[in-house]
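As given, the protein sequences belong to chains A and B, one line each in that order. Quick note on numbering: our numbering labels position 338 of the first sequence as 338, and the sequence is numbered without any gaps. Quick note on numbering: our numbering labels position 337 of the second sequence as 728, and the sequence is numbered without any gaps.
It should be emphasised that the hints constitute simulated quantities derived from the structure, not laboratory data. For each residue, glycine too, the CB sits at the ideal point set by N, CA and C. Don't take each hint at face value.
Stated by the list, open to error - Simulated DEER-style distance windows between Cβ atoms:
id: 1; chain 1: B; residue 1: L618; chain 2: A; residue 2: T255; range: 41 to 47 Å
id: 2; chain 1: A; residue 1: D237; chain 2: B; residue 2: Y700; range: 41 to 47 Å
id: 3; chain 1: A; residue 1: Y308; chain 2: B; residue 2: Q774; range: 46 to 52 Å
id: 4; chain 1: B; residue 1: A732; chain 2: A; residue 2: E219; range: 30 to 36 Å
id: 5; chain 1: B; residue 1: T646; chain 2: A; residue 2: Q277; range: 36 to 42 Å
id: 6; chain 1: A; residue 1: F334; chain 2: B; residue 2: D771; range: 49 to 55 Å
2 protein chains.
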Amino acid sequence: MSFKIAIRSFKTLTYVEGYKKLRDRHIKMYCAAVIGVGYMAYKQHKANKVEMKEILQLKNYMADPITPISHLEKTQDDMKTQMELLIMRIQSEFCRALEKEEDEEAKFQVDRWTRREGGGGITCVLQDGRVFEKAGVNISVVSGKLPPAAVQQMRTRGKSFDGQELPFFAAGVSAVIHPRNPMVPTIHFNYRYFEVQDKNGVQWWFGGGTDLTPYYLNEEDAVHFHLTLKHACDGHDKSYYARFKKWCDDYFTITHRGERRGVGGIFFDDVDQPNQQSAFDFVTSCAEAVIPSYIPLVQKHKDDPYGYYERQWQLLRRGRYVEFNLIYDRGTKFGLFTPEARYESILMSLPLNAKWEYMHEPKPNTPEHSLMKVLKEPRDWLQIEQARATA
Amino acid sequence: MSFKIAIRSFKTLTYVEGYKKLRDRHIKMYCAAVIGVGYMAYKQHKANKVEMKEILQLKNYMADPITPISHLEKTQDDMKTQMELLIMRIQSEFCRALEKEEDEEAKFQVDRWTRREGGGGITCVLQDGRVFEKAGVNISVVSGKLPPAAVQQMRTRGKSFDGQELPFFAAGVSAVIHPRNPMVPTIHFNYRYFEVQDKNGVQWWFGGGTDLTPYYLNEEDAVHFHLTLKHACDGHDKSYYARFKKWCDDYFTITHRGERRGVGGIFFDDVDQPNQQSAFDFVTSCAEAVIPSYIPLVQKHKDDPYGYYERQWQLLRRGRYVEFNLIYDRGTKFGLFTPEARYESILMSLPLNAKWEYMHEPKPNTPEHSLMKVLKEPRDWLQIEQARATA
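Assemble the whole structure, with the sequences as input and the hints as a guide.
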């Protein structure tokens with residue numbers, strides 16, 4: 001597995017490289033080191049203990065894993081371990097990529113927390129930076145027992161569960177990035193793995209998604225974003241992107257306003273096909289697509305000019321973001337209603353500032369109005385792209 | 392009934408007078424006119440049509456009643472009519488009292504709206520004033536049919552309902568006032584009347600409450616506020632204040648944070664005792680206590696000095712207000728999930744600006760910390776007062 005991890009790190013880094021973001025010498029050395037150690041680790045093969053420790057060190061995670069390293073070493077092929085290592089890596093890569101866009105002194109605050117019942121998490125927040133007004137990247141690895149009704153809430157459809165209190169395991173990474181410049185969109189992503197044990201054995205499934213919330217519509221950005229996600233999906237199942245794009249538009253709806261919160265992306269739940277390893281590989285590709293889908297947009301727009309009016313509009317749209325998260329988002333609700341919830345980690349998704357004006361309505365033929373049109377009627381971004389290409 | 396209405400208007404105005412707020416000549420003339428017309432109306436007795444029109448005119452409501460005047464005239468003794476006239480009057484008196492504290496140019500925007508299924512409302516919002524950052528005072532008078540599950544949500548306990556789609560009527564006034572100066576507390580109140588018809592006949596009940604959310608704790612203010620509410624309750628049932636004060640502390644809890652949203656007040660639901668008229672009189676007293684409980688606090692603190700730090704704290708606490716309203720408040724949820732909801736009227740309760748900082752914790756021995764202590768452990772404000780008096 002170590003070889004696979006090393007290869008995957010390398011792939012991500014080259015992916016990132018392709019988007020010309022992380023090209024300084026330090027990263028190249030890190031990249032080379034990962035390949036080197038991956039190769040050595042593969043050669044050593046059975047010397048698991050030494051190998052795992054080295055990989056964990058080299059990964060440069062934001063904090064120590066939640067599960068003790070000795071346990072991770074012993075269970076390298078267990079999906080729980082694979083998922084924990086994936087989310088640790090995704091968290092660290094994404095935090096580093098965001099810090100690269102910031103002023104030097106703006107760094108993520110790292111809080112590693114544990115839960116009495118089992119497990120814990122690592123919450124990384126960068127607040128009040130020049131580029132990012134509030135950026136939160138959280139992982140959690142929790143286990144314990146839940147009543148079937150609560151477990152049921154964890155999945156959209158799914159089979160029913162049998163039993164009283166069911167042992168469960170959940171590991172996920174989740175991030176919301178609210179930039180300061182209104183020309184830079186907000187991104188959210190979340191990738192998660194569940195295991196629940198009932199009388200009939202262990203049920204497992206993956207869920208997740210990545211979606212974009214611009215304040216000003218830039219069609220090129222939206223197409224770039226969707227295209228990157230489509231590439232990530234296409235390598236696994238050609239039907240995934242279209243299905244999960246629609247699911248995303250449906251899910252991120254502010255029902256009472258009849259509008260989406262952004263230009264969408266992908267969203268899925270209950271993925272347990274075609275087998276555990278392939279499902280994990282798919283989720284891995286999606287999670288690895290976050291940086292190339294988003295960081296180029298930050299780089300492109302972080303120094304765009306804007307004024308008081310654009311800032312006010314951004315704050316109003318952030319109010320809508322709050323409405324979605326607190327009223328409709330299943331993850332937030334599930335989190336807050338879970339006993340012993342670490343609410344600060346759940347609510348790190350809320351913007352630093354938000355605004356609500358009574359009866360605010362953008363005037364026709366303004367950029368604000370153009371955004372609203374897309375939020376009310378989601379577009380099929382990539383068909384537009386194809387039509388343009390053939391035109 | 393017209394005589395009773397006139398007397399009630401007079402009582403409120405003298406109450407208000409007692410607090411030395413509305414003493415200009417215009418109001419005195421208005422007051423005198425109300426008494427005069429009330430007396431004349433009583434003498435005329437049967438000349439209902441003329442009398443009602445005059446009273447409606449004199450009331451100086453924010454807009455025309457939702458129910459056609461001709462229907463109100465014919466149903467003067469119906470509780471639905473009594474309630475509609477009460478909430479119209481409370482809305483108008485409260486809006487005028489708030490405008491008196493504002494700069495001359497700051498006036499309420501008045502939106503009268505109707506609902507396809509039946510009824511409508513009048514939403515009054517004053518936004519971005521010098522004294523009030525956002526003040527919303529809304530009435531709604533709606534009727535139609537609801538599934539029993541939805542009706543059940545309208546009351547906390549209550550009997551079960553029998554039938555498929557049940558005809559219902561709901562009339563209420565609701566207000567949230569967010570002042571600009573952090574030394575002035577936010578107030579919320581809501582008084583409502585429901586009727587639901589099932590196989591067994593018509594069930595009716597009242598609900599409501601008034602609660603205060605300070606940003607900086609002023610014990611004298613909290614005592615004044617609670618004392619005013621206690622007086623309003625005591626005239627009807629000596630047990631009400633203590634019960635409804637506790638209910639308020641329990642209801643306005645931000646569960647995931649283990650804190651109340653403010654220093655409480657009173658809250659009740661399902662009041663259908665001892666009879667309809669007495670229950671209405673009780674609700675009337677509560678609604679009439681809003682101005683004397685709150686306006687003196689506005690007058691006292693609206694010009695208090697404050698700085699950037701106090702404003703930031705106020706914005707953080709407004710974030711908590713949003714959390715309560717969007718996650719826990721039954722009225723907001725019931726409203727937003729009702730088909731054809733006028734969401735702008737429901738969400739006028741949200742502040743103009745709010746803020747969320749990750750892991751914000753006031754330092755010990757600061758005024759912010761003192762507030763938090765009271766929010767975590769509600770005080771029995773009037774026992775303190777009694778202890779002081781006997782000391």
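Against the structure, the hints:
no., hint, result
1, L618/B - T255/A: 41 to 47 Å, "holds, 42 Å"
2, D237/A - Y700/B: 41 to 47 Å, "violated, 54 Å"
3, Y308/A - Q774/B: 46 to 52 Å, "holds, 50 Å"
4, A732/B - E219/A: 30 to 36 Å, "holds, 33 Å"
5, T646/B - Q277/A: 36 to 42 Å, "holds, 40 Å"
6, F334/A - D771/B: 49 to 55 Å, "violated, 36 Å"
Taken one by one, the earlier hints fail for this structure at numbers 2 and 6, listed in ascending order.
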